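J.: So you can see what is in the structure, the chains are spelled out below.
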Amino acid sequence: MSTVMRSPAPVRGQESEEPLLDVQDLTLQFHARHGLVRALNGVNLTVRAGERVGIVGESGSGKSVTALSILRLVRAGRIAGEIRFAGENLLTVPEARMRQIRGKEIGYIFQDPLSALNPVRSVGDQISEVLRLRGVRKAEARRRTLDMLQRVGIKDAGRRIDDYPHQFSGGMRQRVMIAMALIGEPRLVLADEPTTALDVRVQAQVLDLLWDLADERDLAVVLITHDLGIVAGFAERVVVMYAGKAMEECSTDELFRASIHPYTLGLLHSLPRVDGEVPEKLMTIGGSPPSPSALPSGCPFHPRCRYALDRCREQVPAFVTPPNGSHPSACHRAEVLAQSPGVLQ
Amino acid sequence: MRWITRGARFVWHHKLVSCSMAFLVVLAFAAVFRDAVTPYDPYSTDVSLRNLPPLSDGTGWLPHVLGTDPLGRDLLSVLVEGARVSLVVGLLSVLVSGTFGVVLGLAAGYFRGRTDDVVMRLVDLQMSVPSLLIALLVLYVLGPSLTNVVFVLAITRWMVYARVTRGLMLSMREELFVEAARSLGASHLRIIVRHMIPNIMAPIMVLATLEMAVMLLTEASLSFLGLGIQPPQSSWGLMLAQGREYLTTAWWLVTFPGLAILLTTLSINIIATWMRARSTESPRESGAVVEPPARAPLVAQQA
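Protein chains in written order, with this note's numbering: chain A, 1 to 345; chain B, 1 to 303.
Treat the hints loosely; a few may be bogus.
What the hints assert, rightly or not - Label-pair distances were calculated between CB atoms; the ranges are:
#1 Asn269(B) - Ser291(A): 43 to 53 Å
#2 Asp275(A) - Ala277(B): 15 to 25 Å
#3 Asp253(A) - Met205(B): 25 to 35 Å
#4 Ala28(B) - Thr196(A): 49 to 59 Å
#5 Ser145(B) - Glu185(A): 58 to 68 Å
#6 Thr115(B) - Thr196(A): 33 to 43 Å
Since the hints were made in silico from the structure, they are not lab data. Quantities reported herein were computed from a predicted structural model and do not represent experimental measurements. Quick reminder that beta carbons are idealized off the backbone N, C-alpha and C, glycines included.
Given only the sequences and the hints, what does the whole structure look like? Please build it.
T.: Written out as C-alpha cells, the structure reads:
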C-alpha cells in the first residue's frame with residue numbers, strides 16, 4: 001500500500017477540449033454453457049491527453065476486460081456502446097486500422113510479464129517488433145530499442161538486449177514490458193495491474209518509472225488496479241467499477257474525501273487507517289460480488305448496500321452527476337449522499 | 001580447446017547418441033562421396049563375379065568387402081548407392097509431408113471453426129484407411145518412380161504432423177504472449193510465423209526425426225513389394241527383395257541391406273529420443289502433446 005510517495009498533480013482544467021479516450025456505456029456479453037455472461041454492463045471512462053486515470057475494483061469487476069475491449073482484443077462476445085479515441089470510433093474501424101492503433105497509438109502493459117513475453121525470442125527482438133511492424137529498418141529499430149531499454153532503467157542494456165525473458169528478474173521484466181508498450185510512442189497506455197506480481201519496493205520503482213515516462217512524453221495512462229493506495233499515489237482521476245459497471249468517477253482527492261457512492265464508501269471503510277487507532281476488526285462489505293452470469297436485478301450492488309431502497313432492486317441507476325454533487329455516480333441515492341459527501345451512515 | 005573438452009564430455013555422457021550420430025554422419029558422407037568409399041561402379045555387371053562371398057579379391061584398390069550380388073556388382077557399392085536413394089526419399093518425403101501437415105495443422109489450430117473441422121475430418125478419414133493400402137493403390141495407378149514414392153509417402157503420413165501441430169497450437173493460442181503480440185498490432189500471419197512457430201518447433205523436429213525412420217522403413221517395404229524404387233536404381237528394400245531368393249546360398253545379399261536399414265532407423269530413433277528428452281528439460285519448450293476436446297468451450301471464433 002501507498003507505494004508511491006508523491007501527491008497527485010492537480011487536476012487539469014476541464015476545458016472544452018475533446019478527451020483523448022471517451023468510453024460511453026460500454027457493454028460486453030457472451031454466451032457460455034451456463035447461459036449469458038454479462039461481463040460489462042455500462043462502463044464510462046474519459047481520459048484526456050496526458051492524464052493519469054485509475055480504474056479500481058475487485059477481482060472480476062471487469063477492469064481488465066474493459067482495457068482489452070478498448071483494443072478490441074476480446075475474442076468472444078458482443079460489444080456495444082461507444083469507444084472514441086482521438087475522434088475515431090474504435091468499435092467500427094476496420095481490423096487493419098485497429099492493428100495500426102494497437103502499439104502505435106495505444107500501448108498495453110500486461111500484468112504478468114513472464115507469460116506476456118515470448119520465451120523463445122530475445123527481449124530486444126520483441127521490443128523492436130512494434131517498430132519493425134511499421135517498416136523501421138533493422139539497425140534503426142535496434143538502436144531505438146537500446147535507447148528505450150536504457151530509458152526504462154535496464155543496466156548494461158547493450159549486453160542484455162539479446163537476453164531472453166527468463167534471464168530477467170520480475171521487476172526487470174516489467175520494465176521490458178513497459179519498453180515494449182512505449183517504443184511505438186503511443187499517446188495512451190493501458191496498464192493492467194502492472195505491479196501486482198512485484199514486491200512493494202519494486203512496485204514503487206516501476207510506478208515511478210511509468211510516472212516519469214508519462215510526464216516526459218505527455219502520455220495518458222489508464223492504470224488498472226485493486227489497490228487504492230496505488231491509485232492514491234498515481235492517478236489524477238479514478239473510476240470505481242463493480243460488477244462490470246462504472247459506479248463513480250471523480251478526482252483522486254474526491255475519492256478519499258467526498259465519495260457519493262455506497263460501494264466506494266464501503267471500500268474506504270474497509271481499509272485500515274495509518275493515522276487512526278488500530279481497530280479490533282476491520283469493517284467489511286457484507287456478501288460477495290455477483291457472478292456475471294447471474295447479476296441481480298436493478299443496481300448490481302443493491303443486495304450488499306446499506307442504503308438500498310425498493311427502487312434499487314427494480315431500476316438500474318443512471319451514471320449521472322446529482323444536482324448537488326461534484327461528479328457522476330451510478331446510485332439512486334447519490335443526491336442524499338451528496339448532502340454529506342465522504343460519510344458512510 | 002574449450003570446445004574439444006566440451007565435445008569429449010558430451011561423447012562421454014551420451015555414448016549411444018554419439019555412436020548413432022557418428023553412424024549417420026559416416027552414412028551421409030558415404031552417400032555423398034560414393035567414389036571415395038568404393039572403387040567399383042554399382043551399375044557395371046559381370047556375371048563371372050556372381051555371388052562372391054565377402055572379402056573376395058577384386059580389381060580395385062579394395063577387395064569386395066561385402067561380396068557381390070547375382071549380377072556380379074560389388075555389394076558395398078550397391079549398398080552405398082542404395083543409401084543415396086533411401087536417404088533422399090526419406091528426407092524429401094519427411095520434408096513434403098511435414099510442410100503439408102504442419103501448415104494444415106497451424107491453420108486448424110489457429111483459426112479453429114470450420115477450417116479445423118474440415119482438416120481434422122480429413123485426418124480422421126485418412127487415419128481410418130491403412131496407409132500401405134493407399135500407397136500400393138496410388139503407386140499402382142501412377143506407376144513406380146522415385147518422385148511418386150516421395151509423393152505417396154507424403155500423402156500417407158501428413159496427418160501425423162497435422163494432429164500434433166494442431167494440438168500444440170491449441171495450447172499456444174491461449175498464451176498471454178500471443179495476446180501481447182496482438183496488442184502490439186501484429187497480424188495473424190506474423191503472430192503464427194514469428195511468435196507461435198518458434199515455440200512449437202522443438203516437438204515438431206522430434207516428430208520429424210521419428211518420421212524419417214518410418215519413411216525409410218515404408219520405402220523399404222514398398223520397394224520390397226516391387227512398387228517402390230525400380231532397377232537399375234537400387235535401394236535397401238529392393239536389395240532385400242532381390243537377395244531373398246539366394247537366402248540359403250548367399251547370406252550376405254540380405255544381411256547387409258537388412259543391417260543397414262536396422263542401424264539407420266535405430267540411430268535415428270535414439271537421436272529422436274535424446275532430442276525429446278533435451279527439449280523437455282526446459283519446461284516452457286516441452287513437447288507435451290495434449291489433444292484437447294475438439295471444441296474448447298467459451299472461445300468463440302473471431303471473424
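J.: Which of the listed hints are not met by the structure?
T.: Hints 2, 3 are the ones this structure does not satisfy, whereas the remaining hints hold.
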